[in-house]
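Engineer: Read off the chains here:
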Amino acid sequence: MSSPAMIDRYRWWEIVLIYCGIALFLAFVLSPFVEGFLVSLKPLSQLFSSPYRFWPENGSFEAYRTMWVSVPGFGRYIFNSFFISIIVTIVVLCLVIPASYAFARFEFRGMGILLGAFLTVNMFSGAVLLIPLFRLMRSMGVLNTYLAMIVPGVAFLIPSAIWLLRTYMIRIPQELNEAAYMDGASHFYTLRRVILPIAMPGIIVVAITTFIGAYAQQFIFALTFNSKTEYMPLPVGLFAYFGKQEVIWNELMAASFVGILPAMVVIFFLQRYLVGGLTAGAVKQ
Amino acid sequence: MSVQKSTVIFAWILLLPAVLYVMAIVAYPLVDTFILSFTDASLRKTTNWVGWVNYEKIFNATFAEVILRTFIWTFFSVSIKMIIGTFGATMLNAAVPGRSLFRLLTMPPWIVPMAIGIFMWGWMYNGQFGMISGLLQRFGLTDGPVAFLAYGSTAFWATIITDVWIGVPLVTIYFLAAIQSIPKDLYEAAWTDGAGRFYRFRRITLPLMVPAIITMSMLSLIATFNSFDIIWILTQGGPSGQTTTMIIDTYQTAIGSKKYGEGAARAVLICIFLSLFCFAYFRVTRRLNPEKRA
Numbered sequence: 001m002s003s004p005a006m007i008d009r010y011r012w013w014e015i016v017l018i019y020c021g022i023a024l025f026l027a028f029v030l031s032p033f034v035e036g037f038l039v040s041l042k043p044l045s046q047l048f049s050s051p052y053r054f055w056p057e058n059g060s061f062e063a064y065r066t067m068w069v070s071v072p073g074f075g076r077y078i079f080n081s082f083f084i085s086i087i088v089t090i091v092v093l094c095l096v097i098p099a100s101y102a103f104a105r106f107e108f109r110g111m112g113i114l115l116g117a118f119l120t121v122n123m124f125s126g127a128v129l130l131i132p133l134f135r136l137m138r139s140m141g142v143l144n145t146y147l148a149m150i151v152p153g154v155a156f157l158i159p160s161a162i163w164l165l166r167t168y169m170i171r172i173p174q175e176l177n178e179a180a181y182m183d184g185a186s187h188f189y190t191l192r193r194v195i196l197p198i199a200m201p202g203i204i205v206v207a208i209t210t211f212i213g214a215y216a217q218q219f220i221f222a223l224t225f226n227s228k229t230e231y232m233p234l235p236v237g238l239f240a241y242f243g244k245q246e247v248i249w250n251e252l253m254a255a256s257f258v259g260i261l262p263a264m265v266v267i268f269f270l271q272r273y274l275v276g277g278l279t280a281g282a283v284k285q
Numbered sequence: 001m002s003v004q005k006s007t008v009i010f011a012w013i014l015l016l017p018a019v020l021y022v023m024a025i026v027a028y029p030l031v032d033t034f035i036l037s038f039t040d041a042s043l044r045k046t047t048n049w050v051g052w053v054n055y056e057k058i059f060n061a062t063f064a065e066v067i068l069r070t071f072i073w074t075f076f077s078v079s080i081k082m083i084i085g086t087f088g089a090t091m092l093n094a095a096v097p098g099r100s101l102f103r104l105l106t107m108p109p110w111i112v113p114m115a116i117g118i119f120m121w122g123w124m125y126n127g128q129f130g131m132i133s134g135l136l137q138r139f140g141l142t143d144g145p146v147a148f149l150a151y152g153s154t155a156f157w158a159t160i161i162t163d164v165w166i167g168v169p170l171v172t173i174y175f176l177a178a179i180q181s182i183p184k185d186l187y188e189a190a191w192t193d194g195a196g197r198f199y200r201f202r203r204i205t206l207p208l209m210v211p212a213i214i215t216m217s218m219l220s221l222i223a224t225f226n227s228f229d230i231i232w233i234l235t236q237g238g239p240s241g242q243t244t245t246m247i248i249d250t251y252q253t254a255i256g257s258k259k260y261g262e263g264a265a266r267a268v269l270i271c272i273f274l275s276l277f278c279f280a281y282f283r284v285t286r287r288l289n290p291e292k293r294a
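Here the protein sequences come in this chain order: A and B. Note that UniProt numbering has the first sequence beginning at 1, numbered continuously upward. Note that UniProt numbering has the second sequence beginning at 1, numbered continuously upward.
Chain A on its own, in the form it takes in the complex (with noise of 0.2 Å):
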């Protein structure tokens, strides 16, 4: 990738320009989570005192000690959001990897169609059908287990993830498909064995879109689904350190980035993979 410095430098001010739009862009990202992790190290006496101090005064991670003496489950609450999180990606790989492969090397009628309804669908959210969702799981008798949770998850996420898979599969040479025809390797044999290993980064990324996007969802089908704390997911039930009183912020955000720790170290170290993806799913859509 070529870049304007090719042509012509940047000159002194132009460069400290940049670095201030740079910052003033990246303090308006961050900002929630630097407060947020100097509110986590603050004794909860000085977050409710008067004037307000940005600093810590003898800071200490005591909140991420007692967080979890004050709300007993809360390991729980973790291991529910990556379970159900990883089980609904796994779902969605399973029902995208055909669906895309299919929708990018094969033509056939009705497929734009078909495509469009899947767009279409990935513009209803799961708040907007959510009464029938409860009579449906209510009927399915899962209300107050995972499945109330994992159920809804996958579809509302299969749409996209087929989108950019295929343009992901779409670009992978057809050659190698006739290739293998030429050798007398089935439909099935081909994709398992030619097409899905080049396909792997791009697996990745849709892996971690939906990982993500399954994480973001929990709240609404949590909130509505399940009242169940075993099965509680982390977005949900955070609110138990919403006390009777007044809430332990501290503690609350000590456990947020307990929480999400190990989804950001994961993260990452695909990063790469991440960045590169989105980009080119988006570019060619």
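Possibly wrong hints are sitting among the right ones.
[Said to hold, decoys possible] DSS-like mimics (lysine-lysine), calculated; alpha carbons at most 30 Å apart, straight line: (1) B:K184 to B:K57; (2) B:K258 to A:K228; (3) A:K244 to B:K184; (4) A:K228 to A:K244.
[Said to hold, decoys possible] Partial pick of chain B residues on the chain A-facing surface, computed with a CB cut under 7 Å: (5) A18; (6) I25; (7) P29; (8) A94; (9) M124; (10) G127; (11) M218; (12) I222; (13) I255; (14) I270; (15) F273.
Since the hints were made in silico from the structure, they are not lab data. Source: prediction; values computed, not measured. Beta carbons: idealized from backbone N, C-alpha and C, even for Gly.
Assemble the complex: chain A is given as a structure, and chain B must be docked to it using the hints.
Structural biologist: Relative to chain A, chain B alone:
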């Protein structure tokens, strides 16, 4: 590839699981919503056909306000997202040291579970002890603490800003990709003609970003219109209904008050709006790249 019968069958075998799943969990509830909206279904399970009653009930002054508010909320949220996203993408595209780190640092609001980001904003908005109010007082911009979520007008903007914050990473990365797909020789030609950096941005970058901006606004419009978590966690639609959008109102009616029928009628109305947006989206994207799409 020649379209043989076995190939078509194989394609359908691959498609069927996903299609059936989505039909069962999305299409069926969609139909169910429509049917429910003509009944008086509630928690007590007395389900009688009541015709248009639910629809007649929702068309009143309060609900007209809710609809209007939803559109204003969505309009400002999407516009601000586009402006900040364009700004961010332009800045992150500049060839300065450290830019891959800066690009990575835009991701957190998108990666983190939404509810957690919203909790963090909840604290920032806290009137007595939050950062925004604290800094405003520190710099003498306000006399006393400002409880942003306690007053309708400030709560309205507070929820918009949080929505913008959550949406900005994806918009920025999408726009960054759009900028990078602009052919470099255009810039070189303009540079040879003596065009300055700002001129090149205004005459090349911005016009060629328009398709990306339109596509992203449409997608963002739909997501924002459906936005539930942010308002629910921050204000639950309050104070005194000043942040109640259509989605929040539907949730309160259907799940809060257990009036399934009335809630369903509201959901149908939302579906109608969404379908219109969808239709517009297809029209626009087809016009933007006419050679694509089957």
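Engineer: None of the hints should be skipped; say for each whether it holds.
Structural biologist: For each hint, the structure was consulted:
no.: 1; hint: B:K184 to B:K57; result: violated (58 Å)
no.: 2; hint: B:K258 to A:K228; result: holds (20 Å)
no.: 3; hint: A:K244 to B:K184; result: violated (60 Å)
no.: 4; hint: A:K228 to A:K244; result: holds (19 Å)
no.: 5; hint: A18; result: holds (4 Å)
no.: 6; hint: I25; result: holds (4 Å)
no.: 7; hint: P29; result: holds (4 Å)
no.: 8; hint: A94; result: holds (5 Å)
no.: 9; hint: M124; result: holds (6 Å)
no.: 10; hint: G127; result: violated (11 Å)
no.: 11; hint: M218; result: violated (10 Å)
no.: 12; hint: I222; result: holds (5 Å)
no.: 13; hint: I255; result: holds (6 Å)
no.: 14; hint: I270; result: holds (5 Å)
no.: 15; hint: F273; result: violated (10 Å)
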